[in-house]
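Protein chains in written order, with numbering that gives the first Met the number 0: chain S, 0 to 345; chain C, 0 to 345; chain L, 0 to 345.
Heads up, a few of these hints could be off.
As the list makes no split between identical chains, a pair holds if one copy fits it or if it spans any two.
Below are the DSSO-like pairs computed for lysine-lysine, each with C-alpha atoms no more than 27 Å apart in a straight line [as the list claims (entries may be wrong)]:
| no. | residue 1 | residue 2 |
| --- | --- | --- |
| 1 | K98 | K66 |
| 2 | K44 | K28 |
| 3 | K298 | K44 |
| 4 | K98 | K148 |
| 5 | K148 | K262 |
| 6 | K262 | K44 |
| 7 | K262 | K298 |
| 8 | K44 | K66 |
| 9 | K148 | K28 |
| 10 | K98 | K338 |
| 11 | K262 | K66 |
| 12 | K66 | K295 |
| 13 | K28 | K262 |
| 14 | K338 | K66 |
| 15 | K98 | K298 |
| 16 | K298 | K28 |
| 17 | K44 | K295 |
| 18 | K295 | K28 |
| 19 | K262 | K295 |
| 20 | K28 | K66 |
| 21 | K338 | K262 |
| 22 | K44 | K148 |
| 23 | K148 | K66 |
| 24 | K298 | K338 |
Just so you know, these hints were derived from the structure itself, not from any lab.
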Amino acid sequence: MEFTVGQIAEVLRGAVEGDSTQRVDRLAKIEEAQAGSLSFLSNLKYEHYLYTTGATAVIVSRTLELKQPTQAALIRVDDPYTSFTTLLEFYQQATRTGKRGVEEPAYMGAGSRIGDNHYRGAFSYIGENCEIGQDVVIFPHVYIGDRCKIGDGTILYAGAKIYAETVIGARCTVHAGAVIGSDGFGFAPQPDGSYRTIPQIGNVVLEDNVSIGANATIDCATMGSTIIREGAKIDNLVQIAHNVEVGRHTVVASQSGVSGSTKIGDFCVLAGQTGLAGHLTLANRTTVTAQSGVGKSIKEEGVLLQGSPAFNLRDSLRSNAIFRRLPELERRLDELARKQAQPEKS
Amino acid sequence: MEFTVGQIAEVLRGAVEGDSTQRVDRLAKIEEAQAGSLSFLSNLKYEHYLYTTGATAVIVSRTLELKQPTQAALIRVDDPYTSFTTLLEFYQQATRTGKRGVEEPAYMGAGSRIGDNHYRGAFSYIGENCEIGQDVVIFPHVYIGDRCKIGDGTILYAGAKIYAETVIGARCTVHAGAVIGSDGFGFAPQPDGSYRTIPQIGNVVLEDNVSIGANATIDCATMGSTIIREGAKIDNLVQIAHNVEVGRHTVVASQSGVSGSTKIGDFCVLAGQTGLAGHLTLANRTTVTAQSGVGKSIKEEGVLLQGSPAFNLRDSLRSNAIFRRLPELERRLDELARKQAQPEKS
Amino acid sequence: MEFTVGQIAEVLRGAVEGDSTQRVDRLAKIEEAQAGSLSFLSNLKYEHYLYTTGATAVIVSRTLELKQPTQAALIRVDDPYTSFTTLLEFYQQATRTGKRGVEEPAYMGAGSRIGDNHYRGAFSYIGENCEIGQDVVIFPHVYIGDRCKIGDGTILYAGAKIYAETVIGARCTVHAGAVIGSDGFGFAPQPDGSYRTIPQIGNVVLEDNVSIGANATIDCATMGSTIIREGAKIDNLVQIAHNVEVGRHTVVASQSGVSGSTKIGDFCVLAGQTGLAGHLTLANRTTVTAQSGVGKSIKEEGVLLQGSPAFNLRDSLRSNAIFRRLPELERRLDELARKQAQPEKS
Numbered sequence: 000m001e002f003t004v005g006q007i008a009e010v011l012r013g014a015v016e017g018d019s020t021q022r023v024d025r026l027a028k029i030e031e032a033q034a035g036s037l038s039f040l041s042n043l044k045y046e047h048y049l050y051t052t053g054a055t056a057v058i059v060s061r062t063l064e065l066k067q068p069t070q071a072a073l074i075r076v077d078d079p080y081t082s083f084t085t086l087l088e089f090y091q092q093a094t095r096t097g098k099r100g101v102e103e104p105a106y107m108g109a110g111s112r113i114g115d116n117h118y119r120g121a122f123s124y125i126g127e128n129c130e131i132g133q134d135v136v137i138f139p140h141v142y143i144g145d146r147c148k149i150g151d152g153t154i155l156y157a158g159a160k161i162y163a164e165t166v167i168g169a170r171c172t173v174h175a176g177a178v179i180g181s182d183g184f185g186f187a188p189q190p191d192g193s194y195r196t197i198p199q200i201g202n203v204v205l206e207d208n209v210s211i212g213a214n215a216t217i218d219c220a221t222m223g224s225t226i227i228r229e230g231a232k233i234d235n236l237v238q239i240a241h242n243v244e245v246g247r248h249t250v251v252a253s254q255s256g257v258s259g260s261t262k263i264g265d266f267c268v269l270a271g272q273t274g275l276a277g278h279l280t281l282a283n284r285t286t287v288t289a290q291s292g293v294g295k296s297i298k299e300e301g302v303l304l305q306g307s308p309a310f311n312l313r314d315s316l317r318s319n320a321i322f323r324r325l326p327e328l329e330r331r332l333d334e335l336a337r338k339q340a341q342p343e344k345s
Numbered sequence: 000m001e002f003t004v005g006q007i008a009e010v011l012r013g014a015v016e017g018d019s020t021q022r023v024d025r026l027a028k029i030e031e032a033q034a035g036s037l038s039f040l041s042n043l044k045y046e047h048y049l050y051t052t053g054a055t056a057v058i059v060s061r062t063l064e065l066k067q068p069t070q071a072a073l074i075r076v077d078d079p080y081t082s083f084t085t086l087l088e089f090y091q092q093a094t095r096t097g098k099r100g101v102e103e104p105a106y107m108g109a110g111s112r113i114g115d116n117h118y119r120g121a122f123s124y125i126g127e128n129c130e131i132g133q134d135v136v137i138f139p140h141v142y143i144g145d146r147c148k149i150g151d152g153t154i155l156y157a158g159a160k161i162y163a164e165t166v167i168g169a170r171c172t173v174h175a176g177a178v179i180g181s182d183g184f185g186f187a188p189q190p191d192g193s194y195r196t197i198p199q200i201g202n203v204v205l206e207d208n209v210s211i212g213a214n215a216t217i218d219c220a221t222m223g224s225t226i227i228r229e230g231a232k233i234d235n236l237v238q239i240a241h242n243v244e245v246g247r248h249t250v251v252a253s254q255s256g257v258s259g260s261t262k263i264g265d266f267c268v269l270a271g272q273t274g275l276a277g278h279l280t281l282a283n284r285t286t287v288t289a290q291s292g293v294g295k296s297i298k299e300e301g302v303l304l305q306g307s308p309a310f311n312l313r314d315s316l317r318s319n320a321i322f323r324r325l326p327e328l329e330r331r332l333d334e335l336a337r338k339q340a341q342p343e344k345s
Numbered sequence: 000m001e002f003t004v005g006q007i008a009e010v011l012r013g014a015v016e017g018d019s020t021q022r023v024d025r026l027a028k029i030e031e032a033q034a035g036s037l038s039f040l041s042n043l044k045y046e047h048y049l050y051t052t053g054a055t056a057v058i059v060s061r062t063l064e065l066k067q068p069t070q071a072a073l074i075r076v077d078d079p080y081t082s083f084t085t086l087l088e089f090y091q092q093a094t095r096t097g098k099r100g101v102e103e104p105a106y107m108g109a110g111s112r113i114g115d116n117h118y119r120g121a122f123s124y125i126g127e128n129c130e131i132g133q134d135v136v137i138f139p140h141v142y143i144g145d146r147c148k149i150g151d152g153t154i155l156y157a158g159a160k161i162y163a164e165t166v167i168g169a170r171c172t173v174h175a176g177a178v179i180g181s182d183g184f185g186f187a188p189q190p191d192g193s194y195r196t197i198p199q200i201g202n203v204v205l206e207d208n209v210s211i212g213a214n215a216t217i218d219c220a221t222m223g224s225t226i227i228r229e230g231a232k233i234d235n236l237v238q239i240a241h242n243v244e245v246g247r248h249t250v251v252a253s254q255s256g257v258s259g260s261t262k263i264g265d266f267c268v269l270a271g272q273t274g275l276a277g278h279l280t281l282a283n284r285t286t287v288t289a290q291s292g293v294g295k296s297i298k299e300e301g302v303l304l305q306g307s308p309a310f311n312l313r314d315s316l317r318s319n320a321i322f323r324r325l326p327e328l329e330r331r332l333d334e335l336a337r338k339q340a341q342p343e344k345s
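Produce the entire structure from the sequences given, and follow the hints as far as they go.
Quick look at the structure:
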């Protein structure tokens with residue numbers, strides 16, 4: 000895709016300074032951009048790059064006062080960051096998620112329906128009696144089990160696996176290899192030490208605008224539903240166990256794990272590689288720092304937690320600082336003891 | 000699926016109290032159940048729900064003495080929990096794992112055989128010279144490499160990937176996206192700092208009744224076999240490295256990792272996000288708490304471990320308690336030192 | 000595959016002692032080998048096994064002086080380990096990665112080209128306008144998005160998922176279920192606490208001789224490229240976030256995670272379950288021990304790090320040793336305080 004600077008300016012309702020007939024064919028950061036690139040300047044901390052960038056054109060604010068002349072053509076807009084994000088979305092839509100039509104062979108079982116304007120990639124599989132909305136994008140090797148419901152505008156990337164009876168809302172994104180609805184890890188210990196498998200007959204519900212990362216796993220409920228609420232963002236390789244609830248607009252970063260039946264509030268942030276024990280409740284706006292492990296419910300909103308086991312971030316930082324000085328602490332203790340034993344020498 | 004309360008009672012050899020012609024079409028927890036649901040009461044701690052539940056019918060013990068009248072019909076049986084588990088198994092069999100037949104296109108290579116009463120989903124792949132038992136359920140997008148053996152009644156969920164020469168026992172479950180038999184991470188350092196790949200020609204053996212979680216990875220042995228013994232349960236996103244042995248009825252919870260050549264005994268429990276170093280031996284009935292890292296072999300049976308690096312749980316709990324009070328400890332030390340330096344003022 | 004001992008010796012340019020007409024059909028460790036096996040002795044620590052092994056033949060050094068007679072035939076070569084590795088490579092090539100041809104149905108989009116001598120497994124998918132070299136092995140269920148480039152001799156195992164515009168070098172290995180090029184985890188917080196998705200339009204570049212483990216995930220850059228440099232080895236279930244760079248011949252062990260925009264130097268080693276925060280720089284030859292979490296850049300080469308948060312390994316070991324003795328430390332402090340308060344009794 001190649002556009003003139005003038006064409007881009009027209010789309011963004013911006014004004015061109017410089018040669019509007021030059022052509023750009025890619026988007027790039029201002030500090031990395033080369034000829035043919037379109038870039039943007041939003042944070043004035045990076046203004047010095049404007050005068051040295053290799054970009055063919057840069058989107059800048061209408062109010063920016065230049066300190067030097069620029070090689071690059073300028074497209075002046077009200078809000079450069081928003082304008083650039085709009086171009087990013089347009090680019091992504093055009094190149095990656097804008098696919099439509101059916102590639103053969105693709106499989107759809109009896110009784111399933113799918114709305115208009117969809118993509119079904121080759122080797123994608125839809126089971127029986129599914130209800131799938133319009134504008135849905137289903138990449139190759141996606142598996143959708145029987146009796147699933149999927150809302151409008153949702154994108155399922157290659158090899159996403161949706162077990163039977165899963166409910167997915169509108170405008171969700173499920174990345175490649177994610178597994179939604181696998182059995183909860185439920186085994187009843189038997190007198191001989193072996194385990195009997197407890198059937199897991201619940202499902203998973205993703206509300207609207209949920210994002211699930213690559214190779215993440217979300218187990219179905221034993222009974223009832225594991226629920227990921229509206230707007231929650233789950234990163235790659237995260238594990239969500241049976242009967243968990245993740246609150247609205249909560250973010251769970253990569254490789255974190257949430258144990259069975261735990262309820263996470265709204266607007267929470269779990270950083271990478273965190274773990275939550277089972278049957279906990281986390282209040283809204285709880286933040287858990289990376290690699291921490293939470294073993295107790297958090298009732299107060301807005302708490303920051305650190306450590307394994309985790310406690311209050313501020314206290315944890317203080318304990319960690321002293322942990323690094325433990326050899327010194329022990330030496331001082333030895334010294335005190337020595338002096339106390341021989342007070343005459345002190 | 001809809002049944003009358005009387006039909007359910009007949010299957011369970013139970014006695015109905017109330018209207019046996021009412022219909023139920025789902026199973027639910029007693030505290031969440033709504034009209035049309037069948038529930039159960041086993042733990043008497045939850046007895047108060049019996050009098051308020053929205054369930055249409057509840058399975059209870061023959062010996063239960065009611066404290067109030069109930070809205071729900073009762074089905075009286077000897078052991079409500081076992082009866083309910085039986086219904087769960089029946090439900091799961093009917094809806095999820097009871098599929099039979101071949102959906103086209105499905106691929107099976109030359110020289111491979113599969114027993115009666117199987118399911119092969121669309122886009123499933125079986126390589127050459129495989130021997131697969133009867134009652135085997137192979138969901139869509141499953142990959143089975145050449146020369147694999149798979150026992151009777153095993154279920155492979157969507158997109159499970161079984162490398163060549165893997166041996167899987169009877170009644171195993173492999174969840175979606177699990178990878179069994181990938182190369183061990185074997186690289187010989189060269190004088191220039193680069194690595195030469197050591198070919199990994201061993202395989203993986205899963206004995207009977209093993210369960211492997213979604214997106215778990217089990218590497219093949221360098222030579223010989225990586226072995227998961229009878230009845231072991233491996234959760235989602237677990238990593239089992241080359242030449243590891245996991246003992247009988249051992250449970251490995253989500254996101255745990257076991258390094259190369261480590262041997263885990265029988266009836267062990269590794270909680271979530273634990274790590275074991277390589278070339279260790281863990282005695283039977285070892286328990287490792289969540290997020291712990293074990294760096295030494297454990298010879299005594301029944302040990303509980305915590306921490307990273309892990310040691311005895313009881314001692315670890317005591318050290319952790321003091322860790323949280325380190326600032327206080329340091330303050331007391333400062334105070335002692337101050338007093339000792341100025342004894343006249345104390 | 001069955002060979003005589005004499006045939007093996009001929010390939011390795013070795014000399015046979017014993018019956019060269021005996022047949023071997025597998026490779027095994029000397030301590031586990033049974034009749035029909037070919038083994039090797041390189042490290043003389045294991046020499047005692049040579050006299051008791053069940054192997055039919057053993058590859059040994061030309062200079063080895065026997066202390067006893069052996070049951071096994073001997074194949075004498077200059078360097079037993081290198082000779083055996085050559086056989087391992089030959090075996091692996093013959094059995095696993097030596098597949099050629101196209102199994103139907105396989106999908107290749109318009110404008111894509113693939114070089115000679117390739118394998119495309121059934122249900123493999125190649126998008127549009129891809130350029131794929133020669134001797135490339137593409138197992139079943141592999142997904143390759145549009146406009147990807149893949150170098151000569153690269154192997155993609157079953158169900159590997161390569162997003163659009165990924166660039167993969169020569170002689171790379173991508174194991175089953177790995178996801179390369181998934182969206183970076185980029186969300187801009189909005190005033191109401193919800194998140195707007197930032198389109199991720201960059202890609203992933205794997206240079207030559209890179210290995211990616213099963214179910215690992217490597218996110219594309221927001222703009223520009225996430226780069227895995229020549230010879231780097233990434234293990235199973237590792238997470239590499241957007242815009243990360245992994246240096247040449249760096250090893251990242253299983254279940255480690257690297258956050259966005261972090262640059263790891265050459266010849267580094269990240270042990271299992273480690274985590275790196277975002278926007279860091281790690282100097283060449285940095286080593287991070289298992290389960291550690293690095294929150295600061297490392298400028299000096301060759302540093303060893305431990306702990307979460309990580310610091311110098313030697314200091315961390317000392318602090319950890321005292322951590323285990325914290326109850327004793329506190330008891331000593333109590334004792335000192337008691338004595339100081341009652342000096343007359345000491």
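Going down the list of hints, with the structure as the test:
1. Taking CA atoms no more than 27 Å apart as the test, K98 paired with K66 passes in neither setting, with 44 Å inside one copy and 62 Å between copies.
2. Within a single copy, K44 and K28 get their C-alpha atoms as close as 14 Å, which meets the 27 Å cut-off; across copies the closest is 57 Å, which misses it.
3. Taking the shortest alpha-carbon separations for K298 and K44, only the inter-copy value of 25 Å comes in at or below 27 Å, while the best intra-copy value is 40 Å.
4. Taking the shortest Cα distances, K98 and K148 sit within 27 Å of each other both inside one copy (21 Å) and across copies (20 Å).
5. Taking identical chains as interchangeable, the C-alpha atoms of K148 and K262 lie at most 27 Å apart only when both belong to the same chain, with a minimum of 24 Å there against 42 Å between chains.
6. For a Cα distance limit of 27 Å, the shortest separation of K262 from K44 across copies, 22 Å, qualifies, whereas the shortest one inside one copy, 41 Å, does not.
7. Taking the closest pair of Cα atoms, K262 and K298 come within 27 Å of each other only inside a single copy of the chain (12 Å); across copies the shortest separation is 38 Å, beyond that limit.
8. Taking the shortest Cα distances, K44 and K66 sit within 27 Å of each other inside one copy (14 Å), while across copies they are farther apart (73 Å).
9. Proximity of K148 and K28 under a CA criterion of 27 Å is satisfied inter-copy only: 23 Å between copies versus 39 Å inside one chain copy.
10. Taking CA atoms no more than 27 Å apart as the test, K98 paired with K338 passes in neither setting, with 79 Å inside one copy and 77 Å between copies.
11. Taking the shortest alpha-carbon separations for K262 and K66, neither the intra-copy value of 53 Å nor the inter-copy value of 33 Å comes in at or below 27 Å.
12. Taking the closest pair of Cα atoms, K66 and K295 never come within 27 Å of each other, the shortest separation being 56 Å inside a single copy and 35 Å across copies.
13. In this assembly of identical chains, the alpha carbons of K28 and K262 lie at most 27 Å apart only when taken from different copies (17 Å versus 39 Å within one copy).
14. Taking the closest pair of Cα atoms, K338 and K66 never come within 27 Å of each other, the shortest separation being 68 Å inside a single copy and 63 Å across copies.
15. In this homomeric assembly, K98 and K298 never come within 27 Å of each other (Cα to Cα): the closest approach is 46 Å inside a single copy and 45 Å across copies.
16. For the identical chains of this complex, K298 and K28 are inter-copy neighbours only, at 26 Å across copies versus 43 Å inside a copy, given an alpha-carbon limit of 27 Å.
17. For the homomeric pair K44 and K295, the shortest alpha-carbon distance between copies (23 Å) is at most 27 Å, but the shortest distance inside one copy (42 Å) is not.
18. Taking CA atoms no more than 27 Å apart as the test, K295 paired with K28 passes between copies only; the shortest distance there is 25 Å, against 43 Å inside one copy.
19. Taking CA atoms no more than 27 Å apart as the test, K262 paired with K295 passes inside one copy only; the shortest distance there is 12 Å, against 32 Å between copies.
20. With identical chains, the CA atoms of K28 and K66 are at most 27 Å apart within one copy only, with a shortest distance of 20 Å there and 69 Å across copies.
21. Taking identical chains as interchangeable, the C-alpha atoms of K338 and K262 are never at most 27 Å apart, the minima being 54 Å within one chain and 50 Å between chains.
22. Taking the closest pair of Cα atoms, K44 and K148 never come within 27 Å of each other, the shortest separation being 47 Å inside a single copy and 36 Å across copies.
23. In this assembly of identical chains, the alpha carbons of K148 and K66 never lie at most 27 Å apart, being 56 Å within a copy and 42 Å across copies at closest.
24. For the homomeric pair K298 and K338, neither the shortest alpha-carbon distance inside one copy (47 Å) nor that between copies (41 Å) is at most 27 Å.
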